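Working from the sequences, and respecting the hints, build out all of it.
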Amino acid sequence: MPANRGPQLIEPEDLVHLREDDTAKVLLLDLRVLAQYSNCSIKGALNLCIPTTLQKRQSYNVQRLADTFASRKDDLKEFLLWRQATSIVVYDAASWTLAQAASCVNILAKFTNEKWEGAALVLRGGFKAFSQAYPDHIVSQSDSDRDHVDGNARKLSIHPPESGMIAGGCAMPATKNAANPFFGTIRQNMDLIGGVGQIPLKVPGRLKETQSVPQWLRVVAAPEDRGKIVADRFLDIEKAEQKRMQKALAVEGNPASPGKVRVAGIEKGMKNRYKDILPFDHSRVKLQDASDNDCDYINASHVHFSKSDRHYIACQAPTPVTFPDFWRTVWEQEIGLVVMLTAENEGGQVKCHPYWEPGRYGPFEVKVWSEEKRQLVAKHRVKEAATARDGHKEAARPPFSRNASGLSSTSHEPSSNPSATIRTLTVSYSGKPFAQMRQVYQIQYSDWPDFGTPADPQDLLALNQLRNQCSPLHTTPILVHCSAGCGRTGTFCTVDTVLGMLEAKAAEGPQQGDNDWIAECVAEFRQQRLSMVQTLRQFVLCYETCLEWFAGVEARGNVEV
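Everything in the sequence shown is counted per the UniProt record's numbering, starting at 1 for the first residue and increasing by one.
Derived by calculation from the structure, the hints in this document are not laboratory data. If you're wondering where the values come from, they're calculated on a predicted model, not measured in any experiment.
For lysine-lysine, the following PhoX-like pairs were computed, each having C-alpha atoms within a straight-line distance of at most 25 Å:
{"id": "1", "residue 1": "K56", "residue 2": "K239"}
{"id": "2", "residue 1": "K128", "residue 2": "K351"}
{"id": "3", "residue 1": "K367", "residue 2": "K351"}
{"id": "4", "residue 1": "K351", "residue 2": "K286"}
{"id": "5", "residue 1": "K243", "residue 2": "K228"}
{"id": "6", "residue 1": "K268", "residue 2": "K351"}
{"id": "7", "residue 1": "K43", "residue 2": "K73"}
{"id": "8", "residue 1": "K115", "residue 2": "K77"}
{"id": "9", "residue 1": "K247", "residue 2": "K286"}
{"id": "10", "residue 1": "K128", "residue 2": "K271"}
{"id": "11", "residue 1": "K25", "residue 2": "K43"}
{"id": "12", "residue 1": "K128", "residue 2": "K25"}
{"id": "13", "residue 1": "K367", "residue 2": "K432"}
{"id": "14", "residue 1": "K43", "residue 2": "K128"}
{"id": "15", "residue 1": "K351", "residue 2": "K271"}
{"id": "16", "residue 1": "K271", "residue 2": "K56"}
{"id": "17", "residue 1": "K286", "residue 2": "K271"}
{"id": "18", "residue 1": "K271", "residue 2": "K367"}
{"id": "19", "residue 1": "K56", "residue 2": "K115"}
{"id": "20", "residue 1": "K268", "residue 2": "K286"}
{"id": "21", "residue 1": "K239", "residue 2": "K307"}
{"id": "22", "residue 1": "K268", "residue 2": "K128"}
{"id": "23", "residue 1": "K56", "residue 2": "K268"}
{"id": "24", "residue 1": "K25", "residue 2": "K115"}
{"id": "25", "residue 1": "K247", "residue 2": "K268"}
{"id": "26", "residue 1": "K228", "residue 2": "K239"}
{"id": "27", "residue 1": "K73", "residue 2": "K25"}
{"id": "28", "residue 1": "K307", "residue 2": "K505"}
{"id": "29", "residue 1": "K351", "residue 2": "K373"}
{"id": "30", "residue 1": "K77", "residue 2": "K43"}
{"id": "31", "residue 1": "K351", "residue 2": "K56"}
{"id": "32", "residue 1": "K25", "residue 2": "K77"}
{"id": "33", "residue 1": "K286", "residue 2": "K432"}
Label pairs and their computed distance ranges (CB to CB):
{"id": "34", "residue 1": "W96", "residue 2": "R57", "range": "20 to 30 Å"}
{"id": "35", "residue 1": "I138", "residue 2": "S430", "range": "34 to 44 Å"}
{"id": "36", "residue 1": "D225", "residue 2": "E334", "range": "41 to 51 Å"}
{"id": "37", "residue 1": "A240", "residue 2": "G197", "range": "12 to 22 Å"}
{"id": "38", "residue 1": "Q84", "residue 2": "D289", "range": "50 to 60 Å"}
Even for Gly, the Cβ is constructed at its ideal location relative to N, Cα and C.
What follows is the structure in C-alpha coordinates.
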(Lines of atoms letter the chains of each structure in order from A; the text may use other names.)
(Lines give C-alpha, C1' and ligand atoms only; values in the text may rest on other atoms or scores of the structure.)
Protein backbone atom coordinates (compact mmCIF):
# COMPACT_ATOMS: atom_id res chain seq x y z
CA MET A 1 0.00 0.00 0.00
CA PRO A 2 1.20 3.54 -0.73
CA ALA A 3 2.23 5.95 1.99
CA ASN A 4 -0.50 8.17 3.33
CA ARG A 5 -1.99 10.59 0.80
CA GLY A 6 -5.20 11.02 2.74
CA PRO A 7 -7.81 8.34 3.43
CA GLN A 8 -8.53 5.90 0.63
CA LEU A 9 -11.20 3.26 0.14
CA ILE A 10 -10.22 -0.39 0.22
CA GLU A 11 -12.30 -3.29 -1.10
CA PRO A 12 -13.09 -6.30 1.13
CA GLU A 13 -10.87 -8.59 -0.94
CA ASP A 14 -7.99 -6.11 -0.62
CA LEU A 15 -8.30 -6.24 3.16
CA VAL A 16 -8.10 -10.03 3.09
CA HIS A 17 -4.98 -9.94 0.91
CA LEU A 18 -3.43 -7.22 3.06
CA ARG A 19 -3.84 -9.22 6.25
CA GLU A 20 -2.41 -12.33 4.59
CA ASP A 21 0.73 -10.39 3.66
CA ASP A 22 3.41 -11.32 6.19
CA THR A 23 5.27 -8.07 5.56
CA ALA A 24 2.25 -5.89 6.37
CA LYS A 25 1.48 -4.63 9.85
CA VAL A 26 -2.22 -3.83 9.95
CA LEU A 27 -4.21 -2.12 12.70
CA LEU A 28 -7.93 -2.84 12.17
CA LEU A 29 -10.45 -0.64 13.99
CA ASP A 30 -14.20 -1.27 14.25
CA LEU A 31 -16.06 2.02 14.81
CA ARG A 32 -19.53 0.54 15.23
CA VAL A 33 -21.48 0.66 18.46
CA LEU A 34 -20.58 -1.86 21.14
CA ALA A 35 -23.77 -3.89 20.73
CA GLN A 36 -23.01 -4.52 17.06
CA TYR A 37 -19.33 -5.24 17.69
CA SER A 38 -20.13 -7.66 20.51
CA ASN A 39 -22.57 -9.53 18.31
CA CYS A 40 -20.10 -10.06 15.46
CA SER A 41 -17.00 -8.42 14.05
CA ILE A 42 -14.07 -8.98 11.71
CA LYS A 43 -11.40 -11.17 13.28
CA GLY A 44 -8.70 -9.13 14.96
CA ALA A 45 -10.58 -5.83 14.95
CA LEU A 46 -10.40 -3.54 17.97
CA ASN A 47 -13.59 -1.73 18.93
CA LEU A 48 -13.18 2.05 19.08
CA CYS A 49 -16.50 3.72 19.93
CA ILE A 50 -16.06 7.50 20.06
CA PRO A 51 -18.95 10.02 20.17
CA THR A 52 -19.28 12.01 16.97
CA THR A 53 -18.78 15.35 18.72
CA LEU A 54 -15.38 14.25 20.02
CA GLN A 55 -14.18 12.80 16.74
CA LYS A 56 -14.09 16.27 15.21
CA ARG A 57 -12.03 17.92 17.94
CA GLN A 58 -8.35 18.37 17.13
CA SER A 59 -7.54 18.28 20.85
CA TYR A 60 -8.96 14.76 20.99
CA ASN A 61 -5.77 13.08 19.78
CA VAL A 62 -4.45 9.52 19.54
CA GLN A 63 -3.53 9.50 23.22
CA ARG A 64 -7.17 10.20 24.08
CA LEU A 65 -8.15 7.32 21.78
CA ALA A 66 -5.72 5.08 23.66
CA ASP A 67 -7.30 6.10 26.97
CA THR A 68 -10.52 4.35 25.93
CA PHE A 69 -8.64 1.03 26.05
CA ALA A 70 -7.44 1.59 29.63
CA SER A 71 -9.32 -1.40 31.08
CA ARG A 72 -8.65 -3.65 28.08
CA LYS A 73 -4.96 -4.39 28.54
CA ASP A 74 -4.54 -6.71 25.56
CA ASP A 75 -6.35 -4.31 23.25
CA LEU A 76 -4.36 -1.37 24.61
CA LYS A 77 -1.08 -3.19 24.03
CA GLU A 78 -2.07 -3.86 20.43
CA PHE A 79 -3.36 -0.34 19.85
CA LEU A 80 -0.16 1.27 21.14
CA LEU A 81 1.75 -0.34 18.28
CA TRP A 82 -0.02 2.00 15.85
CA ARG A 83 3.15 3.87 14.90
CA GLN A 84 4.63 0.60 13.60
CA ALA A 85 1.58 -0.12 11.45
CA THR A 86 2.07 0.05 7.70
CA SER A 87 -1.71 0.35 7.31
CA ILE A 88 -4.57 1.43 9.56
CA VAL A 89 -7.94 0.17 8.31
CA VAL A 90 -11.17 1.44 9.84
CA TYR A 91 -14.74 0.44 9.12
CA ASP A 92 -18.26 1.35 10.15
CA ALA A 93 -21.56 -0.40 9.51
CA ALA A 94 -22.09 0.14 5.77
CA SER A 95 -20.51 3.25 4.22
CA TRP A 96 -19.68 3.08 0.52
CA THR A 97 -18.06 6.49 0.01
CA LEU A 98 -15.68 8.67 1.98
CA ALA A 99 -18.43 11.27 2.29
CA GLN A 100 -20.64 8.71 4.02
CA ALA A 101 -17.77 7.42 6.17
CA ALA A 102 -17.21 10.70 8.03
CA SER A 103 -16.45 8.94 11.32
CA CYS A 104 -13.80 6.79 9.65
CA VAL A 105 -12.18 9.82 8.04
CA ASN A 106 -12.18 11.73 11.34
CA ILE A 107 -10.52 8.87 13.21
CA LEU A 108 -7.84 8.37 10.57
CA ALA A 109 -7.05 12.08 10.73
CA LYS A 110 -6.02 11.61 14.37
CA PHE A 111 -3.15 9.38 13.25
CA THR A 112 -2.04 11.44 10.26
CA ASN A 113 -2.01 14.54 12.46
CA GLU A 114 0.61 12.74 14.56
CA LYS A 115 2.90 12.48 11.50
CA TRP A 116 2.12 8.81 10.96
CA GLU A 117 2.95 8.05 7.31
CA GLY A 118 1.31 4.70 6.68
CA ALA A 119 -1.70 3.94 4.49
CA ALA A 120 -4.96 5.32 5.95
CA LEU A 121 -7.72 3.07 4.64
CA VAL A 122 -11.52 2.89 4.89
CA LEU A 123 -13.26 -0.42 4.20
CA ARG A 124 -15.76 0.14 1.39
CA GLY A 125 -19.22 -1.08 2.33
CA GLY A 126 -18.19 -1.41 5.96
CA PHE A 127 -18.90 -4.49 8.02
CA LYS A 128 -22.00 -5.37 6.02
CA ALA A 129 -20.17 -5.75 2.70
CA PHE A 130 -17.22 -7.59 4.22
CA SER A 131 -19.33 -10.05 6.22
CA GLN A 132 -21.35 -10.93 3.13
CA ALA A 133 -18.23 -11.50 1.04
CA TYR A 134 -16.10 -13.25 3.67
CA PRO A 135 -18.28 -14.84 6.38
CA ASP A 136 -15.38 -17.10 7.43
CA HIS A 137 -13.46 -14.03 8.58
CA ILE A 138 -16.22 -13.00 10.99
CA VAL A 139 -16.22 -13.71 14.73
CA SER A 140 -19.78 -14.16 16.00
CA GLN A 141 -21.26 -14.74 19.44
CA SER A 142 -20.85 -18.48 19.04
CA ASP A 143 -17.14 -17.91 18.41
CA SER A 144 -16.59 -15.53 21.27
CA ASP A 145 -15.42 -18.14 23.76
CA ARG A 146 -12.85 -19.70 21.46
CA ASP A 147 -9.13 -19.15 21.78
CA HIS A 148 -7.15 -17.57 18.96
CA VAL A 149 -8.15 -19.12 15.65
CA ASP A 150 -5.12 -17.73 13.87
CA GLY A 151 -2.47 -15.11 14.41
CA ASN A 152 -4.88 -12.26 13.79
CA ALA A 153 -7.91 -13.55 15.65
CA ARG A 154 -8.65 -12.60 19.23
CA LYS A 155 -10.92 -14.00 21.88
CA LEU A 156 -14.05 -11.88 22.25
CA SER A 157 -16.48 -11.62 25.13
CA ILE A 158 -20.02 -10.46 24.56
CA HIS A 159 -20.44 -9.88 28.30
CA PRO A 160 -17.71 -7.46 29.38
CA PRO A 161 -17.44 -7.03 33.17
CA GLU A 162 -20.05 -4.71 34.60
CA SER A 163 -21.42 -3.78 31.18
CA GLY A 164 -24.90 -2.32 31.21
CA MET A 165 -27.27 -1.10 28.57
CA ILE A 166 -25.99 1.25 25.94
CA ALA A 167 -26.47 4.99 25.45
CA GLY A 168 -25.51 6.53 22.18
CA GLY A 169 -23.53 3.47 21.23
CA CYS A 170 -21.39 3.27 24.37
CA ALA A 171 -21.90 1.12 27.46
CA MET A 172 -22.16 2.69 30.88
CA PRO A 173 -21.09 1.18 34.22
CA ALA A 174 -23.40 -0.07 36.94
CA THR A 175 -21.61 1.99 39.56
CA LYS A 176 -19.26 4.92 39.63
CA ASN A 177 -16.22 2.74 40.12
CA ALA A 178 -17.21 -0.03 37.75
CA ALA A 179 -14.34 -1.24 35.60
CA ASN A 180 -16.10 -0.67 32.31
CA PRO A 181 -13.75 -0.02 29.39
CA PHE A 182 -16.40 1.84 27.41
CA PHE A 183 -17.50 4.35 30.03
CA GLY A 184 -14.68 6.66 29.01
CA THR A 185 -16.23 7.12 25.57
CA ILE A 186 -19.33 8.89 26.89
CA ARG A 187 -19.07 12.58 25.96
CA GLN A 188 -19.99 13.87 29.42
CA ASN A 189 -17.38 11.69 31.10
CA MET A 190 -14.59 12.72 28.74
CA ASP A 191 -15.40 16.41 28.72
CA LEU A 192 -15.58 16.65 32.52
CA ILE A 193 -12.10 15.24 33.07
CA GLY A 194 -10.64 18.72 32.59
CA GLY A 195 -13.68 20.81 33.53
CA VAL A 196 -15.58 22.93 31.01
CA GLY A 197 -13.33 25.97 30.76
CA GLN A 198 -14.42 29.58 31.21
CA ILE A 199 -15.69 32.17 28.70
CA PRO A 200 -16.26 35.82 29.72
CA LEU A 201 -19.67 37.16 28.74
CA LYS A 202 -19.89 39.92 26.17
CA VAL A 203 -22.30 42.63 27.29
CA PRO A 204 -23.71 45.18 24.82
CA GLY A 205 -22.16 48.61 25.30
CA ARG A 206 -25.64 50.12 24.90
CA LEU A 207 -26.85 48.45 28.10
CA LYS A 208 -26.84 51.23 30.70
CA GLU A 209 -29.62 50.89 33.24
CA THR A 210 -28.97 48.37 35.98
CA GLN A 211 -32.63 48.42 37.02
CA SER A 212 -33.80 46.80 33.80
CA VAL A 213 -31.62 43.70 34.24
CA PRO A 214 -32.74 41.09 36.79
CA GLN A 215 -30.33 40.25 39.58
CA TRP A 216 -29.58 36.73 38.35
CA LEU A 217 -28.45 38.08 34.99
CA ARG A 218 -26.67 41.11 36.42
CA VAL A 219 -24.48 38.93 38.65
CA VAL A 220 -23.18 36.69 35.87
CA ALA A 221 -22.43 39.71 33.65
CA ALA A 222 -20.31 41.52 36.25
CA PRO A 223 -16.88 42.36 34.80
CA GLU A 224 -14.94 40.87 37.70
CA ASP A 225 -16.63 37.48 37.28
CA ARG A 226 -15.21 36.85 33.78
CA GLY A 227 -17.73 34.08 33.14
CA LYS A 228 -16.92 31.94 36.19
CA ILE A 229 -20.48 31.71 37.54
CA VAL A 230 -21.84 30.67 34.16
CA ALA A 231 -19.06 28.09 33.74
CA ASP A 232 -19.76 26.66 37.21
CA ARG A 233 -23.47 26.37 36.48
CA PHE A 234 -22.80 24.64 33.18
CA LEU A 235 -20.43 22.22 34.92
CA ASP A 236 -23.19 21.43 37.43
CA ILE A 237 -25.56 20.70 34.55
CA GLU A 238 -22.98 18.43 32.90
CA LYS A 239 -22.34 16.58 36.17
CA ALA A 240 -26.06 16.09 36.72
CA GLU A 241 -26.43 14.59 33.24
CA GLN A 242 -23.43 12.35 33.82
CA LYS A 243 -24.92 11.07 37.07
CA ARG A 244 -28.32 10.64 35.44
CA MET A 245 -26.82 8.56 32.65
CA GLN A 246 -24.87 6.43 35.10
CA LYS A 247 -28.08 5.55 36.91
CA ALA A 248 -30.06 5.14 33.71
CA LEU A 249 -27.65 2.64 32.25
CA ALA A 250 -26.64 0.73 35.36
CA VAL A 251 -27.21 -3.01 35.26
CA GLU A 252 -28.36 -3.10 38.86
CA GLY A 253 -32.05 -2.86 39.57
CA ASN A 254 -35.08 -3.18 37.36
CA PRO A 255 -34.81 -1.08 34.18
CA ALA A 256 -38.57 -0.59 34.23
CA SER A 257 -38.66 0.66 37.83
CA PRO A 258 -40.33 4.03 38.54
CA GLY A 259 -38.07 7.00 37.88
CA LYS A 260 -35.78 4.98 35.66
CA VAL A 261 -34.56 6.98 32.67
CA ARG A 262 -34.18 4.77 29.62
CA VAL A 263 -32.55 5.53 26.30
CA ALA A 264 -34.57 4.61 23.22
CA GLY A 265 -33.62 3.84 19.63
CA ILE A 266 -30.25 2.16 20.18
CA GLU A 267 -31.18 -0.61 17.78
CA LYS A 268 -32.77 1.64 15.14
CA GLY A 269 -29.55 2.16 13.18
CA MET A 270 -30.62 3.84 9.94
CA LYS A 271 -33.18 5.98 11.77
CA ASN A 272 -30.45 7.75 13.76
CA ARG A 273 -28.24 10.32 12.07
CA TYR A 274 -25.66 10.03 14.86
CA LYS A 275 -25.00 6.99 17.01
CA ASP A 276 -24.42 8.95 20.23
CA ILE A 277 -27.50 11.23 20.29
CA LEU A 278 -30.62 9.26 21.15
CA PRO A 279 -33.93 10.22 22.79
CA PHE A 280 -35.12 9.24 26.25
CA ASP A 281 -38.01 6.82 26.20
CA HIS A 282 -40.18 8.90 28.54
CA SER A 283 -40.01 12.05 26.41
CA ARG A 284 -39.58 10.75 22.88
CA VAL A 285 -42.11 11.52 20.17
CA LYS A 286 -44.08 8.40 19.28
CA LEU A 287 -45.54 8.04 15.80
CA GLN A 288 -49.24 7.33 16.17
CA ASP A 289 -50.62 6.01 12.89
CA ALA A 290 -47.66 4.14 11.47
CA SER A 291 -48.54 1.00 9.52
CA ASP A 292 -48.13 -2.45 11.01
CA ASN A 293 -44.81 -2.83 9.20
CA ASP A 294 -43.40 0.36 10.73
CA CYS A 295 -42.36 1.16 14.27
CA ASP A 296 -43.33 4.24 16.27
CA TYR A 297 -39.74 5.53 16.54
CA ILE A 298 -38.31 8.84 15.41
CA ASN A 299 -35.27 10.56 16.88
CA ALA A 300 -37.23 13.46 18.34
CA SER A 301 -38.17 14.58 21.85
CA HIS A 302 -40.88 16.63 23.51
CA VAL A 303 -39.16 19.55 25.27
CA HIS A 304 -40.78 22.01 27.68
CA PHE A 305 -39.71 24.23 30.59
CA SER A 306 -42.25 23.95 33.39
CA LYS A 307 -42.30 27.73 34.00
CA SER A 308 -43.13 28.52 30.38
CA ASP A 309 -46.10 27.99 28.08
CA ARG A 310 -43.91 27.25 25.06
CA HIS A 311 -43.50 23.69 23.82
CA TYR A 312 -41.00 22.27 21.35
CA ILE A 313 -40.13 19.11 19.53
CA ALA A 314 -36.34 18.83 19.35
CA CYS A 315 -35.45 16.64 16.41
CA GLN A 316 -32.43 15.43 14.50
CA ALA A 317 -32.15 16.60 10.90
CA PRO A 318 -34.14 14.07 8.87
CA THR A 319 -32.36 11.63 6.59
CA PRO A 320 -33.97 10.34 3.38
CA VAL A 321 -35.03 7.14 5.14
CA THR A 322 -36.80 9.15 7.87
CA PHE A 323 -38.50 11.77 5.66
CA PRO A 324 -41.90 10.01 5.97
CA ASP A 325 -41.48 9.80 9.77
CA PHE A 326 -40.59 13.48 9.93
CA TRP A 327 -43.67 14.57 8.00
CA ARG A 328 -45.83 12.19 10.02
CA THR A 329 -44.59 13.96 13.14
CA VAL A 330 -45.42 17.35 11.62
CA TRP A 331 -48.91 16.12 10.78
CA GLU A 332 -49.72 14.28 14.00
CA GLN A 333 -48.29 16.95 16.32
CA GLU A 334 -50.01 19.72 14.33
CA ILE A 335 -46.74 21.54 13.72
CA GLY A 336 -47.16 24.95 12.10
CA LEU A 337 -43.52 26.06 12.20
CA VAL A 338 -40.23 24.25 11.62
CA VAL A 339 -37.00 26.03 12.59
CA MET A 340 -33.87 24.70 10.88
CA LEU A 341 -30.55 25.80 12.42
CA THR A 342 -27.95 24.23 10.17
CA ALA A 343 -26.54 24.39 6.69
CA GLU A 344 -27.19 21.41 4.44
CA ASN A 345 -23.45 20.78 4.12
CA GLU A 346 -20.57 21.76 6.35
CA GLY A 347 -16.92 20.83 6.16
CA GLY A 348 -17.58 18.35 3.38
CA GLN A 349 -20.22 16.53 5.44
CA VAL A 350 -23.97 16.37 4.94
CA LYS A 351 -25.62 17.94 7.98
CA CYS A 352 -29.21 17.92 6.75
CA HIS A 353 -30.95 16.44 3.74
CA PRO A 354 -33.56 18.57 1.87
CA TYR A 355 -36.76 17.19 3.35
CA TRP A 356 -38.73 20.27 2.23
CA GLU A 357 -38.34 19.72 -1.50
CA PRO A 358 -41.66 19.11 -3.33
CA GLY A 359 -42.51 15.45 -3.49
CA ARG A 360 -44.29 12.52 -1.93
CA TYR A 361 -42.81 11.04 1.23
CA GLY A 362 -44.71 7.90 2.06
CA PRO A 363 -48.36 8.95 2.46
CA PHE A 364 -47.45 12.65 2.71
CA GLU A 365 -47.22 15.10 -0.17
CA VAL A 366 -45.22 18.29 0.32
CA LYS A 367 -45.40 21.38 -1.87
CA VAL A 368 -43.51 24.67 -1.69
CA TRP A 369 -45.80 27.65 -2.18
CA SER A 370 -43.33 30.43 -1.51
CA GLU A 371 -39.70 31.01 -0.60
CA GLU A 372 -38.00 34.25 0.37
CA LYS A 373 -34.74 35.32 1.97
CA ARG A 374 -35.07 37.86 4.75
CA GLN A 375 -32.34 39.86 6.47
CA LEU A 376 -32.00 39.17 10.19
CA VAL A 377 -32.14 42.55 11.90
CA ALA A 378 -33.48 42.86 15.44
CA LYS A 379 -36.09 45.58 15.99
CA HIS A 380 -33.89 47.71 18.21
CA ARG A 381 -31.08 47.58 15.63
CA VAL A 382 -33.37 49.24 13.10
CA LYS A 383 -33.95 52.09 15.53
CA GLU A 384 -30.24 52.38 16.30
CA ALA A 385 -29.43 52.54 12.60
CA ALA A 386 -31.84 55.44 12.23
CA THR A 387 -30.29 57.15 15.25
CA ALA A 388 -26.82 56.73 13.76
CA ARG A 389 -27.98 58.38 10.55
CA ASP A 390 -29.12 61.35 12.63
CA GLY A 391 -25.62 61.68 14.07
CA HIS A 392 -26.39 60.37 17.55
CA LYS A 393 -24.52 57.08 17.42
CA GLU A 394 -23.07 56.11 20.80
CA ALA A 395 -19.27 56.27 21.05
CA ALA A 396 -17.63 52.86 20.86
CA ARG A 397 -16.34 51.26 24.05
CA PRO A 398 -13.37 48.92 24.28
CA PRO A 399 -14.14 45.27 25.14
CA PHE A 400 -15.07 44.72 28.79
CA SER A 401 -15.02 48.36 29.80
CA ARG A 402 -17.27 49.52 32.62
CA ASN A 403 -20.46 51.29 31.69
CA ALA A 404 -22.94 53.14 33.88
CA SER A 405 -24.50 49.90 35.09
CA GLY A 406 -21.23 48.41 36.36
CA LEU A 407 -21.53 45.59 33.82
CA SER A 408 -18.68 44.56 31.60
CA SER A 409 -19.37 45.61 28.05
CA THR A 410 -18.22 44.92 24.55
CA SER A 411 -19.57 45.89 21.19
CA HIS A 412 -21.29 43.09 19.27
CA GLU A 413 -20.58 43.77 15.64
CA PRO A 414 -23.50 42.55 13.53
CA SER A 415 -22.77 39.62 11.25
CA SER A 416 -22.20 40.51 7.60
CA ASN A 417 -25.58 40.29 5.90
CA PRO A 418 -27.07 37.57 8.11
CA SER A 419 -30.27 36.20 6.64
CA ALA A 420 -32.81 33.43 6.96
CA THR A 421 -34.86 31.66 4.31
CA ILE A 422 -38.60 31.45 4.94
CA ARG A 423 -40.63 28.85 3.09
CA THR A 424 -44.37 28.34 3.06
CA LEU A 425 -45.11 24.65 2.62
CA THR A 426 -48.30 22.66 2.33
CA VAL A 427 -48.70 19.10 3.52
CA SER A 428 -51.46 16.66 2.58
CA TYR A 429 -51.98 13.14 3.93
CA SER A 430 -53.36 10.36 1.74
CA GLY A 431 -54.31 8.43 4.87
CA LYS A 432 -56.93 11.09 5.52
CA PRO A 433 -58.03 12.16 2.03
CA PHE A 434 -60.85 14.36 3.32
CA ALA A 435 -58.62 16.25 5.75
CA GLN A 436 -57.77 19.80 4.82
CA MET A 437 -54.33 20.52 3.40
CA ARG A 438 -52.13 22.08 6.10
CA GLN A 439 -49.79 25.03 5.89
CA VAL A 440 -46.36 24.83 7.52
CA TYR A 441 -43.77 27.60 7.74
CA GLN A 442 -40.09 26.74 7.68
CA ILE A 443 -37.33 29.11 8.83
CA GLN A 444 -33.88 28.05 7.65
CA TYR A 445 -30.90 29.74 9.32
CA SER A 446 -27.69 28.35 7.84
CA ASP A 447 -25.07 30.73 9.26
CA TRP A 448 -24.62 28.88 12.54
CA PRO A 449 -21.94 26.20 12.04
CA ASP A 450 -21.76 23.07 14.14
CA PHE A 451 -18.15 23.89 14.95
CA GLY A 452 -16.43 27.23 14.56
CA THR A 453 -17.80 30.75 14.89
CA PRO A 454 -20.95 30.80 17.07
CA ALA A 455 -24.11 32.64 16.17
CA ASP A 456 -24.21 36.34 16.98
CA PRO A 457 -26.63 37.29 19.80
CA GLN A 458 -28.19 39.92 17.55
CA ASP A 459 -28.86 37.31 14.88
CA LEU A 460 -30.37 34.92 17.40
CA LEU A 461 -32.55 37.70 18.79
CA ALA A 462 -33.76 38.60 15.29
CA LEU A 463 -34.41 34.92 14.63
CA ASN A 464 -36.54 34.77 17.77
CA GLN A 465 -38.56 37.76 16.59
CA LEU A 466 -39.04 36.11 13.20
CA ARG A 467 -40.22 32.94 14.94
CA ASN A 468 -42.81 34.96 16.88
CA GLN A 469 -44.12 36.45 13.64
CA CYS A 470 -44.57 33.01 12.09
CA SER A 471 -46.09 31.40 15.20
CA PRO A 472 -47.43 34.08 17.55
CA LEU A 473 -50.03 32.09 19.51
CA HIS A 474 -47.83 29.32 21.02
CA THR A 475 -50.80 26.94 21.07
CA THR A 476 -48.96 24.06 19.37
CA PRO A 477 -45.32 22.97 19.55
CA ILE A 478 -42.77 24.23 17.09
CA LEU A 479 -40.32 21.72 15.67
CA VAL A 480 -36.67 22.74 15.99
CA HIS A 481 -33.70 20.92 14.53
CA CYS A 482 -30.05 21.44 13.74
CA SER A 483 -28.11 18.35 12.69
CA ALA A 484 -28.11 16.22 15.85
CA GLY A 485 -31.01 18.10 17.43
CA CYS A 486 -29.37 19.01 20.73
CA GLY A 487 -26.68 21.74 20.73
CA ARG A 488 -27.94 24.56 18.52
CA THR A 489 -31.48 23.25 18.91
CA GLY A 490 -31.24 23.43 22.70
CA THR A 491 -29.73 26.90 22.54
CA PHE A 492 -32.54 28.25 20.38
CA CYS A 493 -35.25 26.62 22.53
CA THR A 494 -33.66 28.02 25.70
CA VAL A 495 -33.38 31.54 24.30
CA ASP A 496 -36.92 31.41 22.90
CA THR A 497 -38.30 30.15 26.21
CA VAL A 498 -36.51 32.65 28.45
CA LEU A 499 -37.20 35.62 26.18
CA GLY A 500 -40.87 34.69 26.20
CA MET A 501 -40.81 34.65 30.00
CA LEU A 502 -38.97 37.98 30.17
CA GLU A 503 -41.47 39.59 27.82
CA ALA A 504 -44.40 38.26 29.86
CA LYS A 505 -42.90 39.43 33.16
CA ALA A 506 -42.05 42.84 31.70
CA ALA A 507 -45.72 43.30 30.80
CA GLU A 508 -46.74 42.44 34.37
CA GLY A 509 -44.34 44.92 35.96
CA PRO A 510 -41.28 44.57 38.23
CA GLN A 511 -40.65 41.05 39.51
CA GLN A 512 -38.64 39.68 42.40
CA GLY A 513 -36.49 36.55 42.44
CA ASP A 514 -32.90 35.53 41.90
CA ASN A 515 -33.46 32.20 40.16
CA ASP A 516 -31.37 31.81 37.03
CA TRP A 517 -33.99 31.02 34.38
CA ILE A 518 -31.42 30.03 31.78
CA ALA A 519 -29.65 27.49 34.00
CA GLU A 520 -32.99 26.13 35.25
CA CYS A 521 -34.33 25.83 31.71
CA VAL A 522 -31.27 24.00 30.37
CA ALA A 523 -31.20 21.68 33.38
CA GLU A 524 -34.83 20.76 32.76
CA PHE A 525 -34.32 20.36 29.01
CA ARG A 526 -31.42 17.98 29.71
CA GLN A 527 -33.84 15.68 31.52
CA GLN A 528 -35.91 15.48 28.33
CA ARG A 529 -33.18 15.17 25.68
CA LEU A 530 -29.46 14.48 25.84
CA SER A 531 -26.97 17.35 25.51
CA MET A 532 -29.48 20.15 25.01
CA VAL A 533 -27.19 23.22 24.86
CA GLN A 534 -24.17 21.05 24.28
CA THR A 535 -21.22 23.36 24.88
CA LEU A 536 -20.22 26.14 27.25
CA ARG A 537 -20.01 28.51 24.26
CA GLN A 538 -23.67 27.81 23.47
CA PHE A 539 -24.61 28.22 27.15
CA VAL A 540 -22.86 31.61 27.25
CA LEU A 541 -24.66 32.61 24.05
CA CYS A 542 -28.00 32.18 25.85
CA TYR A 543 -26.97 34.79 28.44
CA GLU A 544 -25.51 37.13 25.83
CA THR A 545 -28.72 37.03 23.79
CA CYS A 546 -30.83 37.89 26.84
CA LEU A 547 -28.51 40.82 27.59
CA GLU A 548 -28.91 41.91 23.98
CA TRP A 549 -32.69 41.77 24.48
CA PHE A 550 -32.43 44.09 27.51
CA ALA A 551 -30.33 46.48 25.44
CA GLY A 552 -33.20 46.52 22.97
CA VAL A 553 -35.72 47.11 25.76
CA GLU A 554 -33.76 50.16 26.85
CA ALA A 555 -33.62 51.40 23.27
CA ARG A 556 -37.42 51.39 23.28
CA GLY A 557 -37.86 52.58 26.87
CA ASN A 558 -36.96 51.16 30.28
CA VAL A 559 -38.86 48.16 31.58
CA GLU A 560 -38.14 46.46 34.91
CA VAL A 561 -38.15 42.68 35.13
